[in-house]
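Work from the hints to combine the two standalone chains into their complex.
Letter by letter, the chains look like this.
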Amino acid sequence: MKAVQRYALRLERKKYLVRAWRKSRSLLSVADRTDAIRTGDVLCFCTLRNERPRLKYFLSYYRDRGVSHFLFVDNDSDDGSREYLAEQRDCSVWTTPDSYKRARFGADWMNRLLRLYGTGHWCLTVDPDEFLVYPFSDTRPIPALCDWLESSSIKSFGAMVLDMYPKGPITAQPCSDGQNPFEIACWFDAGNYMIQRNWTYGNLWIQGGPRARTFFAEKPERAPALNKIPLVRWQKGFAYASSTHMLLPRGLNLVFDEWGGEKTSGVLLHAKFLSTFVEKAAEEMVRRQHYAASAEYKAYHDGLTKDPDLWTRWSERYINWRQLEILGLMSKGNWA
Amino acid sequence: MSTLGFVMLCHTALHRAAQVARHWAERDCPMVIHVDRSVPRERFNDFRKSLSDLDNVRFCKRHRCDWGTWSLVKASQTASEMMLAEFPAVRHVYLASGSCLPLRPVDDLRAYLAARPMTDFIESVTIRDVDWTVGGLNEERFEYRFPWPWKTRRFLFDRYVELQRAVGYRRKLPEGITPHLGSQWWCLTRQTLSAILEDPRRKELEDFFRLVWIPDESYYQTLVRNYGRRIESRSLTLSKFDFQGKPHVFYDDHLHLLRRSDCFVARKIWPRANRLYRTFLSAEHTGDRMAEPAPGKIDRVFSKALERRTRGRSGLYMHSRYPNPGWENGITAAPYSVFHGFNDLFENFEAWLSRRLGSTVHGNLFAPRRVRFSGGADVHAGALSASASLRDYNPEAFLTNLIWNTRGERQVFMFGPQDNQRPGAFMANDDNAQISVITGAWAVRLFTSNRNFSDIRTEAAALQRREADFVETLRDRSRRADIRIWTLADFVEEPMENLQGILDAMEGAPVQRLTEAPRMVDLQGFPQFLQSLKNQGMNPFMVGDFPQEGYSGEPRSGDASRPYLVR
Chain A
0 MKAVQRYALR LERKKYLVRA WRKSRSLLSV ADRTDAIRTG DVLCFCTLRN ERPRLKYFLS
60 YYRDRGVSHF LFVDNDSDDG SREYLAEQRD CSVWTTPDSY KRARFGADWM NRLLRLYGTG
120 HWCLTVDPDE FLVYPFSDTR PIPALCDWLE SSSIKSFGAM VLDMYPKGPI TAQPCSDGQN
180 PFEIACWFDA GNYMIQRNWT YGNLWIQGGP RARTFFAEKP ERAPALNKIP LVRWQKGFAY
240 ASSTHMLLPR GLNLVFDEWG GEKTSGVLLH AKFLSTFVEK AAEEMVRRQH YAASAEYKAY
300 HDGLTKDPDL WTRWSERYIN WRQLEILGLM SKGNWA
Chain B
0 MSTLGFVMLC HTALHRAAQV ARHWAERDCP MVIHVDRSVP RERFNDFRKS LSDLDNVRFC
60 KRHRCDWGTW SLVKASQTAS EMMLAEFPAV RHVYLASGSC LPLRPVDDLR AYLAARPMTD
120 FIESVTIRDV DWTVGGLNEE RFEYRFPWPW KTRRFLFDRY VELQRAVGYR RKLPEGITPH
180 LGSQWWCLTR QTLSAILEDP RRKELEDFFR LVWIPDESYY QTLVRNYGRR IESRSLTLSK
240 FDFQGKPHVF YDDHLHLLRR SDCFVARKIW PRANRLYRTF LSAEHTGDRM AEPAPGKIDR
300 VFSKALERRT RGRSGLYMHS RYPNPGWENG ITAAPYSVFH GFNDLFENFE AWLSRRLGST
360 VHGNLFAPRR VRFSGGADVH AGALSASASL RDYNPEAFLT NLIWNTRGER QVFMFGPQDN
420 QRPGAFMAND DNAQISVITG AWAVRLFTSN RNFSDIRTEA AALQRREADF VETLRDRSRR
480 ADIRIWTLAD FVEEPMENLQ GILDAMEGAP VQRLTEAPRM VDLQGFPQFL QSLKNQGMNP
540 FMVGDFPQEG YSGEPRSGDA SRPYLVR
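If you read the sequences in order, they're chains A and B. Quick note: the first sequence uses numbering that gives the first Met the number 0, first residue 0, plus one each step. Quick note: the second sequence uses numbering that gives the first Met the number 0, first residue 0, plus one each step.
Next comes chain B alone, as it looks inside the complex (with noise of 0.2 Å):
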């Protein structure tokens, strides 16, 4: 029993408008065909030709068409008509396009509606409620005039929208009427299709709808609410938009997504999708006949690239992702910690932290020489060099990869005033970036070397200067990442309790309590090191106010070779 039948709207690719077609057909489901007039009428012969051996197609009237005008409708409304009046058995009619692709058996479809014989589905949503459309014009499509077409005259269209708000222009909504939006693909039962081709005031509201904004997302959408028994709110076409308002295409690769949405019509498919038209034209659905379309599958994975085209991931730099300054959402992949000063007062630190974090840990990576990367390795994750000169040429660069080559592991690294500074000022505004700071802690490590005085002076005012003007840099009000500074002094009077806090702030770190203390530096002798400098009219002011007694090395409670706990 022909009880459903099919209208198709074709403008392009009319070679698989017609296999569909034939396979509609021959299937007993009639079929009217409305062809755009643009198509040459050569062309429209053949595809007329190729089809005229099937007696339950017939082709309707031919209207010119535009995107998001009235012609739509119009075409629709004559292809309706038509086959109202040519197939009396048919319950259901179900307009497609020209790229809609059955994905089930229509039998399927034909029970699931014979079993829902009064049901119209239609999407049909109030503008009031939800943001149906993918941006653009909302509830202002009813209440400007749009005699312009927005795909070939955008000039006009736009400048007339303008005028419309400058006045305040209000277009009146005619009697009885509540604008709905939805997808222009739907399935509607004779009863109400008829009933809104046959209203006495169909001219009446032809004349409102034909100035709206894409009238084929409202007109039955809207008409649907006044003659319709059962509303099921849905489109049973597969039809997905992105987020410039242009449906998602289909191709072969779609082939198992689309067989198990158990959708019954897909749109759009690419024409040239052969696997796709071939499979599902073919072969009969082996799945559970009543089964119910369950498009979320699909949703996910064009919500997944909607998001990915808008937010795309963070910390990434490439060459199709390079966003302007505070778009970045994010100006590194991950969380990291950089250890300023530390490597100076404790001996091994690096091995230590490493030890006790249970990863990496990187030298100084921005060193003057080269790049120390842990176990001083020539490359590093991504293949990023060791050579001081390329690291130079884009430190923050070189930063960004770091962080991206190495996500899932969290990068610790040393850093100091007689390191390249130019990335300071791009760790202090990054949200991942967890920085502490011993400011002075330069002066052990002059302390320490076997150089001559004048030497030592020269350098540590130079390093103090750098240093300062990093302090500076973090202490900046805009600044964002998790910073923590003492002074070489106030660090050393409780240096446990201080690691303990960085730890604890790290995400991912062990909580256990620190056992193993790293080994300080002995600093016998290092008052009277500051105080040398400070004679030789150095001020080591970023040391802090260093007792002249100074501390031992060691922890202060304790042994040295008890490992140290903190209560």
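Bound conformation, chain A alone (with noise of 0.2 Å):
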């Protein structure tokens, strides 16, 4: 790479800097508990929209793995989400109603956040339907993830987006608050994934899975990308570039081994396609404050109003991240 590439992107980073604290002005803090932010804690980073039935699982979820505080960004819910968080012992919260859209889709919020509470820590940035799954997750909490991979000098873990679907029509079966949703949207796609390497920031491209499959068969360069560096440990300096798929300095999207072997790896368990997706779907329609001019909620919208089964013969049942591990859609590398 030329100098002048490298510093190109210098300049963009420090753009992200900038912007993130331009657009965090309005955040208005509901709730501060980060002075109980202890060192060496892990610390979960979550921008959401009227979420609230989801709140209660994403929470003990990752309390359960051991993440010790969250940070959320609230964008002007209207269904109580703000206030359940606000009660919460182990949460801060901001409020914003600017346009989510023109914060970069949440990431100039998260940038400033994690640069000013995250520095230090290992943090995990998800939105509120991913669950984090790695290897030995069923056994060893994330902190034991984030001290191995601190003692490797690794600075980032990349985990690629799993779309997880119901058998039967989307509507068919509500999840109510709570609940695991993966108890009803526990199909998935094995082996349908493409890859592609973007040499400007050093990341992989993937495209796939059931979105692809139904609603970008005709147009599969315009697929949702799925590849995300959700766990880093944070730098000052640091920032997502775009969104959680690619960061700068472009060292960290690295989570890939270019020589043969593989590195350790995760997956985001994706519960996006539930009952209420429809609703998301149709609400976005009017927003239009998702990327790309909502193109993808656009494509669901036509998809879903017509017979929104993702489920085939050849989906797979989801087991434990063993399972996903010998499908090859994540990695223990050299972890054991």
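Keep in mind that a hint or two might mislead.
[Claimed, not checked] Partner residues aside, some chain A positions facing chain B, computed with beta carbon under 7 Å:
no., residue
1, N191
2, M193
3, W258
4, E261
5, S264
6, A335
[Claimed, not checked] Below 25 Å or equal to it, Euclidean Cα-Cα: the simulated DMTMM-like pairs (lysine to aspartate or glutamate) are:
no., chain 1, residue 1, chain 2, residue 2
7, B, K303, A, D137
8, A, K218, B, E395
9, B, K150, A, E149
10, A, K235, A, D40
11, B, K245, B, E139
12, B, K245, A, E257
13, B, K60, B, D198
What the hints contain is simulated information worked out from the structure, not anything from laboratory work. By construction, the Cβ of each residue, glycine as well, lies at the ideal position given by its N, Cα and C atoms.
Below is the structure:
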């Protein structure tokens, strides 16, 4: 990579940092418990809007796995999400009525909070419908993974988004408050993912899965990206460049091995295709706050109003992380 | 009888170290604990206080410890001297760290050592014979000077090594010393240990080892060769290193593995592995008291992990394995077969081949309109879609996914010049591919089609061009696939022998001879068709020299109803 390009990326990173500061001035603190954060704590950062039914399970999932503190940005919820989170003793909450889209889909807000509170910590940046599965996640908490990554001098941990869906129409089985969404949406596509390398930022660009298969078969280039880097040992000056798909400095994006080996990696189980999804898609059609002029939601909306059954006879039923490891959707690497 | 004493070096997770120290001390093992001086005074005092009720626990003078430097040896020397001086009954001194955990009752260890009263347990291998270290420096550890800590002064460290290499500097070994290396966790007898510590030349040797790289892996390991009477060159502490040379960490889910290993002490334990600490520090062992440590099973687990990290799984492309070209260790996961032109020449070739092989056979996977999976399915293994646009977005990924998803079941599919040609070069470079080609077979399909001749002529030209390109790719010298190419004219001369040859080369295919012949398209009038093409100025050269009189559609010998037998 030429020095000019490297310098351009540096400027770009600085731009994101300034932008994060600018866009975050509207963040209003609802509950600030960040003084409870201790050295070595694993923190979870999350942006949300109207996710009240999901929050109970989300919090318990990550608490069980050793996350010590949650930092939420609430984008103008009106379903009680903000109030619910503000009551939790391990949550700090900010709120903003500003445009999600103009904050680069929340990345600016996240970058700001990460810089202020995440520096020096292992930080997990996820959406409320993303659940991290990593090697040994049934027996070892996230801090065990972080300790190991740190002792191996690894700064970032990659995970692929795995879209989970129910068998039958999405609306058929509602998910109740606090219920594990994967009791309903327990199916996934095991092996239809396509990878390209992004040489500018050094990350992989992965597309595929049920979304590409059902909604984007005719326009595969528009299918959503599934590569994410949700877990990072944050340092001042780091910035998410596009959602959590890629980071700057670009060295953090090298979460894959180029020489034939496998690095340790995880999967983000994506509980998007639940009964609430249809309403969300309809709402987004009006709000148009999502990526690429909500093209994704438009495609969903068109697809879902017809017959929204993502299940096929080759769908795989989720069991545990070992199954994902055997299928080649994640890897233990040399963590044993 | 307190014949076994522990020297413990700690710097982090002091509460765990205290737990283990208490465990040993309460079981009548004197302890001398060295705490890194970088630990703040208050934390050290708390730690000390937590063990103050035990009268056989001592704390020695603290040194500041840096990984890979002399300070660690210094710490163990200070602590060992204290141990030998203050606990005269101690016969064996065991060097442990704060992240060690006893796996068997200390009585087992005592009995084991009592049965070998004069044996020193210390891994000690000569640098000449064995590559003990994982990567990095080996002999050079003793040849250069290493005054800078690698962890904190990497730049200086590297530059100084380069400088010494450049000027050809070599240190002189002290007399009577043969460098040995080994794990830094040992168990030495009083005699050996005191001989090392009371050596009249100790000053001179220390001066040498102070500038050796990672002296805690070589100081005792080298000197023990001069004084030890009986050396068992292995460590009683189970401690595994990964490919970066850092110790593997044990977690709660290793419980059964650790228990079955019969090792006395394991390192390192994750400080928050509550179940391990609870189990091994409370329950008394029920197994064979004199069992030999057997770390083999654990070795296998870790060497598998190492292989996964360095070699990975062949043919897998995923978000943490995306090899550069040439580094894949096999670009696909399993062998597969490609038949080019066969389903043009034979009727129902896929069905026949499927019966023959007893497995699924796909149609033209890269057909222009949709993926022709076997049975005409809309999705296949791994939820691969039959959509042509999805497949053509990344045809190589489509192919590698299919092969990966169906590991254990050989994939067989048809290919032809009308299909998407992009994966052609990929397959030609794949060791796992078996590609059989009948060139010019497209002419048979055109011959049987009901179309205007001018359209046929245009299409024939296009197909021939694509096929010629593909064959060119296959003939490239760097190709790695198992490739067979016939012209149509050559192939129809001996179709059964040729098919038999292909099936014989397939791994795992049934070995019996072909009995049922696939039905060839009736070629009556085909030579005239070819001649018409030629007359229109389109030379179907890929077909080969098809004789004017033609062949019969059925095998030449015998009548059509009799099964064809190859003798």
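Hints and how they fare:
At a threshold of 7 Å, the smallest CB-CB gap from A:N191 to chain B is about 5 Å, leaving the interface hint in force. Given the 7 Å rule on beta carbons, the hint for A:M193 holds: about 4 Å separates it from the nearest Cβ of chain B. With 7 Å as the threshold, the beta carbon of A:W258 comes within range of chain B, its nearest partner Cβ sitting at about 5 Å, so the hint holds. The criterion of a C-beta within 7 Å of any C-beta in chain B is met by A:E261, whose closest approach is roughly 4 Å, and the hint holds.
Look at A:S264: its Cβ gets to within about 3 Å of chain B, closer than 7 Å, so that hint holds up. Interface hint status for A:A335: upheld, as the beta-carbon distance to the closest one in chain B is roughly 4 Å, under 7 Å. Between the alpha carbons of B:K303 and A:D137 the distance comes to roughly 20 Å, so the proposed pair stays at or under 25 Å and holds. Between A:K218 and B:E395 the CA atoms are separated by roughly 18 Å; this keeps the pair inside 25 Å, and the hint holds.
Annotation: proposed proximity of B:K150 to A:E149 holds, straight-line Cα distance about 14 Å (limit 25 Å). Our distance criterion of 25 Å between C-alpha atoms is met by A:K235 and A:D40, whose separation comes to about 17 Å. A C-alpha spacing of about 20 Å is found between B:K245 and B:E139, which places the hinted pair at or below 25 Å, so the restraint holds. Among the hinted pairs, B:K245 with A:E257 is consistent with the structure: their alpha-carbon atoms are about 22 Å apart, no more than 25 Å.
With a CA separation close to 21 Å, the supplied pair B:K60 and B:D198 stays within the 25 Å bound.
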